[in-house]
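Trainee: Sequence:
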Amino acid sequence: MRIESVLGTHRAHVVVVAGLLPLAGCAVLSAFRDSVANTNAALGLVLLVVAAASTGIRAAGLVAALSAAVWFDFFLTEPYNRFTITDPADIETAVLLMGVGAAVAEIALWGRRQQARASREQGYLDGVLRTASAVSAGRSSTDSLIGNVCAQIVEVLGIDRCRFDSGNGLVLATIEEDGGVTYNARPIDVRRLGLPTDTEIAVLAQSGGVVHGRFLLTSTSNVVHPSREQLRVAVALANQIGAALMTTPSQHPPGEHLPERPDDARP
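Residue numbering for the sequence shown follows full-length UniProt numbering, starting at 1 and increasing by one per position.
Derived DEER-like restraints, expressed as beta-carbon distance ranges: (1) T84 - T39: 13 to 21 Å; (2) R113 - E155: 16 to 24 Å; (3) A185 - D160: 19 to 27 Å; (4) A151 - R11: 25 to 33 Å.
Hints are computed from structural coordinates only; laboratory data are not their basis.
From the three backbone atoms N, C-alpha and C, an ideal C-beta is built for every residue, glycine too.
Model the full structure from these sequences, guided by the hints.
Mentor: Dropping the structure here:
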């Protein structure tokens with residue numbers, strides 16, 4: 001994560017270096033034109049493109065691929081030191097170098113995205129499991145659990161704030177059990193439109209079909225587009241608090257009033 005943060009902070013520098021690496025490589029290889037075949041030189045340049053693509057910055061991979069093709073032409077094909085190719089085989093090699101380099105860059109980026117997604121999903125699962133373990137073991141107070149869950153929901157969804165509320169006042173938006181989002185009782189496409197920014201968004205904390213409160217989420221500083229999996233993680237976290245409140249009613253947060261359960265209603 002630290003390396004990725006550094007690379008993201010210096011994207012422009014990374015792209016420039018990615019463009020200069022093939023230039024340096026071709027300049028060095030030009031001193032061995034008689035002993036190194038152009039096909040072998042092209043394979044070496046592909047390695048430089050892969051190295052650039054492994055940074056996770058698409059522009060770096062594409063710039064490296066283009067630079068490799070250009071400087072391969074300039075240094076390693078006749079007439080030398082000119083942007084001209086006369087040998088059809090060298091033309092094919094240059095075109096393939098650029099095409100393969102671009103394809104390899106995209107594949108490398110796809111792999112990094114898949115790895116990042118798997119890492120995020122593992123982090124979500126670990127968060128849910130830690131909360132469930134704390135609830136079942138009774139190691140933490142309800143206040144502490146609620147604060148922990150709020151922090152995890154904020155991190156998972158990328159929103160501004162989260163607070164727990166035991167009331168049942170009107171809220172326009174709700175995250176449903178299946179991870180869908182409704183606004184004014186109508187489903188909305190969060191991946192396309194993002195979470196609503198003009199109202200708090202409710203996530204019910206329930207257990208055994210009984211609602212024990214809700215988390216109210218705020219996302220006003222920017223529009224976020226969480227996936228269905230992220231929204232379901234938020235629901236799972238909220239339900240852990242529902243389970244905690246069901247098993248430890250005496251630890252309800254002070255000042256909060258939980259909805260009365262149907263079986264507690266007086267005749």
